[in-house]
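Asks: Each chain, written out:
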Amino acid sequence: MSNEQQAPAETKPTTEPKPSKRRFGWLNEAIVPLLAILTAVLIGAVIVFVSIPSNKLPAFDLSLYGSRSDWFFSTLPERLRVTLSAFTGLFSGAFGDWTNPSSIPVAMSNTLVESTPYILAGLAVAVTFKAGLFNVGAEGQLLMGALGSVAVAAFMPQWFGVASLPTIIHLPAALLAGVIAGGLWGIIPGYLRAKTGAHEVITTIMLNYIALQVMDYLINGVMKDKSATLQRTPFIHENAALPRIISKATDPSLTGGQAYPRLFTTTSSTWDLRIHMGIVLAFLMVGFIWWLMNRTPKGFEIKTVGENPEAARYAGMSITGTVVGAMGLSGALAGLAGTSQVIGLEYNLKAVFSSGLGFDSLAIALLAKSNPIAIVPAALFWGALRTGAGAMQVNTGISINLIQIIQALVIMFIAADQIVRWIYRIKQAEGGKITFNRSWGK
Amino acid sequence: MKFTRARGVGLLGIFIAIVLLFAVNNSLGNKITETSKIQSIWDFTSTIRIPDSAKMKVDIKAPPVAAIELPTMITISLICGALILVGGVLIAKNPERGWVAPYMSSVIAFGFFSILLWAVANNSVDLSDTLSRVVRLGTPIAIGALAGIVCERSGVVNIGIEGMMLTAACFGYAAAAISARMIYGDALPESAAKGVVWLPLIIGILGAILTGGIMAALHAWLSIRFKVDQVISGTVINIMAVGITGFTRTNFLLKFESPLRAGLPQMPLGPLADIPLIGPILFDHKPITYLMILMVIGLNFFLFRTVWGLRTRAIGEHPKAADTVGINVNRMRYRNVIIGGMIAGVAGAWFSLEGSFGFDDGMTNGQGFISLAAMIFGKWNPIGAFGGSLLFSSADALQLKVQAYNFDLPSQFMQMLPYVVTLIVLAGVIGRAKPPAASGKVYEK
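Line by line, the protein sequences are chains A and B. Note that this note's numbering gives residue 287 to position 287 of the first sequence, counting from 1, and the numbers run on in steps of one. Note that this note's numbering gives residue 99 to position 99 of the second sequence, counting from 1, and the numbers run on in steps of one.
Mixed in with the good hints there might be a few duds.
Listed below are the simulated SDA-like cross-link pairs for lysine to any residue, each with C-alpha atoms no more than 20 Å apart in a straight line [claimed, not checked]:
1) B:441 - B:313
2) B:255 - A:397
3) A:224 - B:412
4) A:298 - A:191
5) B:255 - A:57
6) A:369 - A:316
7) B:227 - A:423
8) A:224 - B:434
9) A:195 - B:227
10) A:427 - B:227
11) B:227 - A:397
12) A:195 - B:4
13) B:227 - A:196
14) A:298 - A:280
15) B:434 - A:196
16) A:195 - B:434
17) B:255 - A:394
18) A:369 - B:227
19) B:227 - A:298
20) B:255 - A:195
21) A:369 - B:424
22) B:227 - A:394
23) B:441 - A:422
24) B:441 - A:51
25) A:195 - B:7
26) A:195 - B:313
27) B:255 - A:369
28) B:2 - A:393
29) B:2 - A:191
30) B:255 - A:249
31) B:227 - A:68
32) B:255 - A:293
33) B:255 - A:298
34) A:195 - B:258
35) A:427 - B:225
36) B:286 - B:408
Please keep in mind that the hints were generated in silico from the structure rather than gathered at the bench. If you're wondering where the values come from, they're calculated on a predicted model, not measured in any experiment.
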């Protein structure tokens with residue numbers, strides 16, 4: 001994969017493959033990811049099957065079963081049942097129990113809520129993929145975004161010595177603060193990469209750990225809610241919150257006296273949903289990134305730098321500027337993911353805030369092949385998996401970590417699509433493979 | 001005046017020195033008469049050592065044989081002054097080569113020393129113990145760096161070292177715990193309970209090595225056979241490691257009762273351990289630490305003095321040429337990546353069998369990535385990488401050491417120190433570092 005081999009392709013004005021003339025061309029594109037998911041889930045099922053916790057099975061007893069293997073085989077039907085119930089649990093957790101329609105809205109909304117940060121963080125990683133960068137730092141950027149937004153959302157009126165600020169000022173300020181904080185945290189590795197050659201994979205991981213400590217310091221220090229026993233910031237002002245779409249009115253005793261906005265207020269617990277305007281923001285961003293990447297010179301620059309930096313330099317593009325810009329944009333998107341979590345969902349920042357979102361977003365961007373539109377189904381899939389996993393754990397006692405294994409398998413099969421093609425006998429499609437590695441130096 | 005790397009590093013060093021000076025001045029300014037005592041407790045007649053059992057080692061604090069009293073403020077001012085001076089020289093002269101890495105290392109080393117002095121103002125600290133911690137905590141980083149070197153010298157980038165270590169830590173511990181149960185049943189026999197139960201521990205280490213090898217084989221398979229981008233393939237390893245170990249821990253390890261209670265023991269090397277100052281630092285450690293030192297020397301020998309080493313370097317620098325003279329590039333890469341994984345497995349065993357006994361989720365804590373930074377710092381050279389590991393582990397050692405003192409700096413800042421140092425070193429040094437030319441590139445005939 002040397003640059004010399006790629007160079008002739010770069011002389012063509014467009015780098016996008018021509019849209020397929022066949023109907024359902026997109027299905028053709030999606031078939032490998034879908035099969036990858038299927039295969040990963042099947043392997044997950046095998047793992048469940050073999051490792052069912054012993055309290056869900058008849059105990060091994062030497063007088064009843066001749067040997068361990070006899071015991072294993074005689075419990076096969078029971079194992080099959082538990083495995084199936086694990087996956088039905090997964091499904092009903094994510095999409096509701098379809099025998100009980102009133103559970104559907106809550107489950108669906110939970111899936112959407114879970115998917116919101118995935119869409120934004122997945123987009124963040126996809127942008128850097130396009131620029132040939134591997135941003136493992138979405139986690140840290142997200143934390144910094146959350147910190148920035150909660151600082152403004154909870155403390156800004158204090159700075160001006162007023163009781164509250166109007167929504168039209170406070171909400172955009174909180175959003176902007178999160179975006180800027182995340183963006184700055186993304187610019188650091190971008191700048192280091194462009195100027196010193198420090199590989200972004202290591203620097204972003206280091207910055208993740210640093211961000212974690214910064215957050216720990218702030219929420220135990222200046223940003224701590226003195227009245228709370230938990231380590232957390234105060235609740236944000238109601239004027240800085242992203243409204244929920246449909247939900248019960250907030251109970252001010254649980255939210256530090258704040259009455260958070262809802263577009264529609266309901267009294268029915270079937271429709272008491274956590275879904276908030278963050279999902280709308282996420283969709284807007286998907287549109288924006290699609291437009292940026294496919295309809296603007298900046299997007300073209302990012303893609304060119306990613307695919308062939310030599311050609312980009314030759315064409316007079318600034319590699320430094322593009323790398324820093326792409327990382328900054330990526331950080332801003334991840335920051336927005338953190339922001340929407342804080343001002344749309346949690347309303348404060350706790351010590352346990354984000355869990356592995358950085359790696360998840362890598363998986364999502366790979367699954368979507370960095371296509372902004374395809375990020376949405378990929379993130380929804382991930383959100384559903386996460387939401388359902390909780391229910392699965394309750395139902396079968398199978399650890400939630402199973403999801404992480406499935407996730408890694410999905411990435412593996414996406415990255416090495418030859419494996420999937422080989423298993424299902426699918427012909428190799430046209431088009432390039434993703435390549436990042438420009439080694440450690442410049 | 002052009003902004004170059006040397007000038008940037010000089011500027012950074014001056015900045016760090018000034019910040020340090022101001023911080024110390026703020027904290028101790030009005031107590032300028034206070035002194036920090038640096039002591040070394042090495043009086044071997046008073047430290048009773050009982051070999052083969054770390055737990056029973058009785059630590060009797062004897063009066064130190066040497067106690068150096070340093071005036072805190074004055075010493076720190078002198079150190080910072082010198083750093084600023086040299087930084088100034090760097091900016092003014094803009095030397096081409098040979099200055100950046102030494103200056104940066106001394107900024108970090110003396111910076112740490114100053115922080116230590118600052119933390120123990122009007123108190124005393126055991127120097128040999130601090131340095132011995134540096135070596136101890138540097139062990140997994142150095143071994144990880146060796147694993148990285150073996151892979152990258154043969155042309156395969158290995159970002160998955162963190163994941164290989166984590167999986168190895170998990171299954172190494174599992175192997176030790178399960179084999180102990182299989183050998184001894186529910187409780188250790190009287191005879192074994194007193195001493196160290198070697199057999200299961202060795203099985204544990206072997207299990208860790210095997211696990212590392214298997215994970216590395218997956219990495220090799222993905223990146224060589226399927227030509228997956230090596231960074232992605234490494235990331236797959238890392239994510240999978242989190243999943244597999246978490247799953248194994250919650251589903252099996254937490255429920256599993258093992259008779260084994262303690263990990264690898266302290267093994268002072270007889271009279272060597274009693275050499276003043278140097279003894280405790282180098283010759284009073286647990287087995288994997290000694291193994292690390294042997295591995296550093298050994299790899300250095302193998303890499304530069306044997307046919308295997310020559311071939312490894314050849315396929316990393318110019319695979320086509322190596323192929324022309326009849327070396328099977330991809331087979332060699334497979335073999336080396338797996339060897340690298342097995343080395344990373346030893347580092348994994350350090351976490352769950354030596355550093356502490358037991359397995360925790362995410363217990364490698366980014367050390368695998370730090371070891372990659374150490375590898376880069378050492379320019380893909382075992383001895384250099386060992387130096388880099390000590391640099392990074394000193395941040396960790398310092399962080400743990402000052403916890404015992406009433407210190408003005410918030411603990412979170414101390415805890416982020418290893419990561420900040422890694423970041424600074426990577427940014428400052430890497431431009432001078434030249435990776436093996438074919439590193440990260442798929443070889444196709």
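Asks: Compare the structure with each hint and give your call.
Replies: Against the structure, the hints:
1. Only pairs whose Cα atoms come within 20 Å are accepted, and residue 441 (chain B) paired with residue 313 (chain B) is accepted, the gap being roughly 14 Å.
2. For the hint linking residue 255 (chain B) to residue 397 (chain A), the alpha-carbon distance of about 13 Å falls within 20 Å, and the restraint holds.
3. About 15 Å separates the Cα atoms of residue 224 (chain A) and residue 412 (chain B), which keeps this hinted pair within 20 Å; it holds.
4. The suggested pairing of residue 298 (chain A) with residue 191 (chain A) holds, with an alpha-carbon distance near 18 Å, which does not exceed 20 Å.
5. Distance restraint check for residue 255 (chain B) and residue 57 (chain A): the Cα-Cα separation of roughly 15 Å lies within the 20 Å cut-off, and the hinted pair is therefore satisfied.
6. A hinted pair counts as satisfied when its Cα atoms are at most 20 Å apart, and residue 369 (chain A) with residue 316 (chain A) does not qualify at roughly 27 Å.
7. Distance hint between residue 227 (chain B) and residue 423 (chain A) is fulfilled; the C-alpha atoms sit about 17 Å from each other, no more than 20 Å.
8. Restraint check for residue 224 (chain A) and residue 434 (chain B): not satisfied, since their Cα atoms lie roughly 46 Å apart, outside the 20 Å limit.
9. Among the hinted pairs, residue 195 (chain A) with residue 227 (chain B) is inconsistent with the structure: their alpha-carbon atoms are about 29 Å apart, more than 20 Å.
10. Under the criterion of a C-alpha separation no larger than 20 Å, the hint pairing residue 427 (chain A) with residue 227 (chain B) is consistent with the structure, at around 17 Å.
11. Our distance criterion of 20 Å between C-alpha atoms is broken by residue 227 (chain B) and residue 397 (chain A), whose separation comes to about 38 Å.
12. Under the criterion of a C-alpha separation no larger than 20 Å, the hint pairing residue 195 (chain A) with residue 4 (chain B) is consistent with the structure, at around 10 Å.
13. Restraint check for residue 227 (chain B) and residue 196 (chain A): not satisfied, since their Cα atoms lie roughly 28 Å apart, outside the 20 Å limit.
14. Between residue 298 (chain A) and residue 280 (chain A) the CA atoms are separated by roughly 24 Å; this puts the pair beyond 20 Å, and the hint is violated.
15. Between residue 434 (chain B) and residue 196 (chain A) the CA atoms are separated by roughly 13 Å; this keeps the pair inside 20 Å, and the hint holds.
16. For the proposed pair residue 195 (chain A) and residue 434 (chain B), the alpha carbon gap of about 16 Å is at most 20 Å, so the pair holds.
17. A hinted pair counts as satisfied when its Cα atoms are at most 20 Å apart, and residue 255 (chain B) with residue 394 (chain A) qualifies at roughly 18 Å.
18. The hinted pair formed by residue 369 (chain A) and residue 227 (chain B) meets the criterion: a straight-line CA distance of about 17 Å does not exceed 20 Å.
19. Taken as a hint, the residue 227 (chain B) and residue 298 (chain A) pair is broken in the structure, with Cα atoms around 31 Å apart against an allowance of 20 Å.
20. A distance of roughly 50 Å separates the Cα atoms of residue 255 (chain B) and residue 195 (chain A); the hinted pair therefore is violated under the 20 Å criterion.
21. The suggested pairing of residue 369 (chain A) with residue 424 (chain B) is violated, with an alpha-carbon distance near 33 Å, which exceeds 20 Å.
22. A distance of roughly 40 Å separates the Cα atoms of residue 227 (chain B) and residue 394 (chain A); the hinted pair therefore is violated under the 20 Å criterion.
23. With a CA separation close to 23 Å, the supplied pair residue 441 (chain B) and residue 422 (chain A) exceeds the 20 Å bound.
24. With a C-alpha separation of about 39 Å, the suggested pair residue 441 (chain B) and residue 51 (chain A) falls outside the 20 Å cut-off, and the hint is violated.
25. A threshold of 20 Å between alpha carbons decides the hint, and for residue 195 (chain A) with residue 7 (chain B) the separation of about 13 Å falls inside it, so the pair holds.
26. Among the hinted pairs, residue 195 (chain A) with residue 313 (chain B) is inconsistent with the structure: their alpha-carbon atoms are about 28 Å apart, more than 20 Å.
27. For the hint pairing residue 255 (chain B) with residue 369 (chain A), the CA-to-CA distance comes to about 40 Å; that exceeds 20 Å, so the pair is violated.
28. Annotation: proposed proximity of residue 2 (chain B) to residue 393 (chain A) is violated, straight-line Cα distance about 60 Å (limit 20 Å).
29. For a cut-off of 20 Å, the pair hint linking residue 2 (chain B) to residue 191 (chain A) stands: about 18 Å separates their Cα positions.
30. Of the pairs offered as hints, the one joining residue 255 (chain B) and residue 249 (chain A) is violated, with about 43 Å between alpha carbons and a cut-off of 20 Å exceeded.
31. This hinted pair does not check out: residue 227 (chain B) and residue 68 (chain A) have alpha carbons roughly 41 Å apart, beyond 20 Å.
32. Between residue 255 (chain B) and residue 293 (chain A) the CA atoms are separated by roughly 51 Å; this puts the pair beyond 20 Å, and the hint is violated.
33. Proposed proximity of residue 255 (chain B) and residue 298 (chain A) is contradicted: the alpha carbons are some 55 Å apart, above 20 Å.
34. Restraint check for residue 195 (chain A) and residue 258 (chain B): the C-alpha separation of about 52 Å exceeds 20 Å, so the hint is violated.
35. Note on residue 427 (chain A) and residue 225 (chain B): the hinted pairing holds, with a Cα-Cα distance of about 18 Å set against a maximum of 20 Å.
36. Between residue 286 (chain B) and residue 408 (chain B) the alpha-carbon distance is near 33 Å, which puts this suggested pair outside the 20 Å criterion.
In summary, the numbered hints that this structure violates are 6, 8, 9, 11, 13, 14, 19, 20, 21, 22, 23, 24, 26, 27, 28, 30, 31, 32, 33, 34, 36.
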